Each structure stands twice: as C-alpha cells, then as structure tokens.
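Q: As a plain string of letters, each chain reads:
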Amino acid sequence: METRRDAFHAISDPTRRQIIGMIAHRNLNLNTIAENFDMSRQAISLHIKILRECGLITIRQEGRERFCEAKLQNLREVSSWVDEYKQFWTRNFESLEKYLKKIQPIKKDGNKKSKKQRGHSRH
Amino acid sequence: METKSQKNNEAILVIEKEFDAPVRSVFNALSDPNALSQWWGPDGYRMRVTKFDFNPKGMCLFKMENQEHVMWARFIYGRIKSPELVEFVLSFSDENGTITRAPFFDNWPLEIMNVITLKSQNGKTILKNSCFPVNATAEEIISFNHNKSSLSGGMSSSMEKLNALLTA
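Chains as they are written, first to last, in this note's numbering: chain G, 7 to 129; chain Y, 36 to 203.
For the record, the hints were derived by calculation from the structure and aren't laboratory data.
Treat the hints with care, as some may be off.
Facing chain Y, from chain G, some residues (calculated, C-beta under 10 Å) [claimed, not checked]:
#1 Glu-71
#2 Arg-97
#3 Phe-99
#4 Tyr-105
#5 Lys-108
Computed far set for chain G versus chain Y, every beta-carbon distance over 12 Å [stated by the list, open to error]:
#6 Ser-18
#7 Arg-23
#8 Asn-35
#9 Leu-36
#10 Asn-37
#11 Ile-65
#12 Arg-66
#13 Arg-72
#14 Phe-73
#15 Ser-86
#16 Glu-103
In silico DSSO-like cross-links for lysine-lysine, where the CA-CA straight-line distance does not exceed 30 Å [stated by the list, open to error]:
#17 Y:Lys-86 <-> G:Lys-107
#18 G:Lys-108 <-> Y:Lys-52
#19 Y:Lys-86 <-> G:Lys-104
Bear in mind the structure is a predicted one, so any value in this text is a computation, not a measurement.
We treat Cβ as the ideally placed atom computed from N, Cα and C, and that holds for glycine.
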C-alpha cells in the first residue's frame, strides 16, 4: 500500500503532533525541539523530516542553525476531517440509540432499591 | 503493557455518549453483524455485511448503498475485550476489502483507528470512542520511538490547541 505523505500521515504519530504543537506559536531550532523529548536527536530528526515531507513544516537555515516553522494552513484539512468524522459518529450514535430502544424490552426503573432491601444481610 | 491512557493520548477526536441500555446490549450492537447493520453508516444508506471475523486482526467487510451510490468499507479489529472494549481500524475499501481512498472526500485518512470503550453506570452505558488516523507503514518505520516518549501528557491537548488556533 502506498504511504501518503499528507497532513494525516503527519499527525498519525503522537510525537509529531507534539512537535507541531511546539512550533505552532514560535519557530524553534532542531536542538531545542529535541531537548523536549526523551528520545534520540536522530529520532526527532526523522519525525521532522516526515513533517516536512507532509508539508506541515518548513526548515530554514540560519547560520549554523536550522529552524522549523509550522505551515498551519495545511493542517486545515485535518480539522475539517475531524469535523466530518465527528458528525458521522454523532449520526451513528443517534441511530444506535434508536436501535437500542427498539430491542430493549420496556421496563420501569425503581425496582433496584426494593430488590436490594429484600436481599439477605451478610453481617 | 499497553495502557488505556496511552491510547487516549493518541486520540485526536474523542466522542462520548450515554445510552440507556445495559453494557451487554451495546457491546452486542457492535459485535453482532446483524445488529451492526441496523444502525451503522451514513443516513439513508443500507448496510450489508459480507465478511465477518470478530477477532483481533479479523475483518468486517460491508457494503453501504442508497439509490445512487455504493460504497464499501471495512473494519480491521484490534483488541477486543467483551463487553468493555472494541478496537477497529476503519477504511474505505473495494468489495474485496482492499483499502481505497474515500469516495466523497479528497482529504480523508486512509485508515482511522477507533478505540471504543463501554462503561456501565447506573444501568446505563457510557460509550467513548477515541479516534485518530493511523498509518501502519509509518508506524513500522518509527516504531522504535514509541516507548520512549516522556511527554505523554499534553498530546491531545496540543492538538486541541491547534484546532482552536485553526478555527479562530
């Protein structure tokens, strides 16, 4: 199967989501990002590479440092998917509720207490 | 051991609903293909399950159709614990169960993980679905990272912040 390099691929990993969250408000260099994680700098580099391939960040060379910058407009497709999927499940829940009502034998609440009181004491 | 909280931290979307039915009934609605086809799917579509293997890595393949459209989709089940947990990856597919792109949306993940937990409360059932896009190929490449992340806290919250930012 093909590996899609898109925003969904980018956010399918929790570490990558965190990286995006970190650089959403300010550009950070790679070392600063790596310091925030308990994993190797190499592993973080790989995530950043994927984020770049997915079009969610750009990398700018400044002197000896490389700065990561978020391209948030490309995340919009993710937030629109989230909205769509949420709606889908909201409708699913509504029809599940109807289904459960349909199969449920009609019963009234309030019997539980009297049942308990009838039970034998184990003291 | 893989904990529930780890899973939830990965969620991008968490939806919760209380049902006025016992946990058993709700679990059955998820695990019985005849029950499932009575409520699952978009409005106006009839669902027909053509393949059903309710086991970890098993597939549920189904057809959804209305008068104009026919769509196929599949679940690949993950962890199953009766009657409190059902995990499945949802994908659009062809009639053989091979993954395809979403028919109506350009931007739709190929595979979406759904972690459904059921909790009994006063005779009612609280269903929680934690969803996130997955990509098996990507997961394999970077699987060596997975157990090392220490910042398990703010994962979904960072995503929430981002969403807030985008919708502002």
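Q: With d taken as the least Cβ-Cβ distance between G:Glu-103 and chain Y, does d exceed 12 Å?
A: Violated, since 6 Å does not exceed 12 Å.
Q: Using 10 Å as the Cβ threshold, decide whether G:Phe-99 counts as touching chain Y.
A: This hint holds: G:Phe-99 lies near chain Y, its Cβ roughly 5 Å from the closest one there, short of 10 Å.
Q: Is it correct that the beta-carbon of G:Ser-86 has no partner in chain Y closer than or equal to 12 Å?
A: About 7 Å separates G:Ser-86 from the closest Cβ of chain Y, which leaves it inside 12 Å; violated.
Q: Report holds or violated for the interface hint on G:Lys-108, using the least CB-CB distance to chain Y and a cut-off of 10 Å.
A: holds, 8 Å
Q: Determine whether the non-interface label on G:Leu-36 survives the test: each CB of chain Y must be over 12 Å from its CB.
A: At about 16 Å from chain Y, G:Leu-36 clears the 12 Å cut-off, so the statement holds.
Q: May I ask you to check that G:Ser-18 keeps its beta-carbon over 12 Å from the closest beta-carbon of chain Y?
A: Violated, because the least Cβ-Cβ distance between G:Ser-18 and chain Y comes to about 5 Å, which does not exceed 12 Å.
Q: Taking the minimum C-beta separation from G:Ile-65 to chain Y, is that value above 12 Å?
A: holds, 19 Å
Q: Starting from Y:Lys-86, check that the Cα of G:Lys-104 is at most 30 Å away, please.
A: holds, 25 Å
Q: Holds or violated: G:Lys-108 with Y:Lys-52, Cα cutoff 30 Å?
A: holds, 18 Å
Q: Take a quick look at G:Asn-37 and tell me if its Cβ sits farther than 12 Å from every Cβ on chain Y, holds or violated.
A: holds, 16 Å
Q: Decide, holds or violated, for the assertion that all CB atoms of chain Y are farther than 12 Å from the CB of G:Arg-23.
A: Since the minimum Cβ distance to chain Y is about 5 Å, G:Arg-23 lies within 12 Å and the statement is violated.
Q: Need the status of pair Y:Lys-86, G:Lys-107: alpha-carbon distance at most 30 Å?
A: holds, 27 Å
The structure shown violates the earlier hints numbered 1, 6, 7, 15 and 16.
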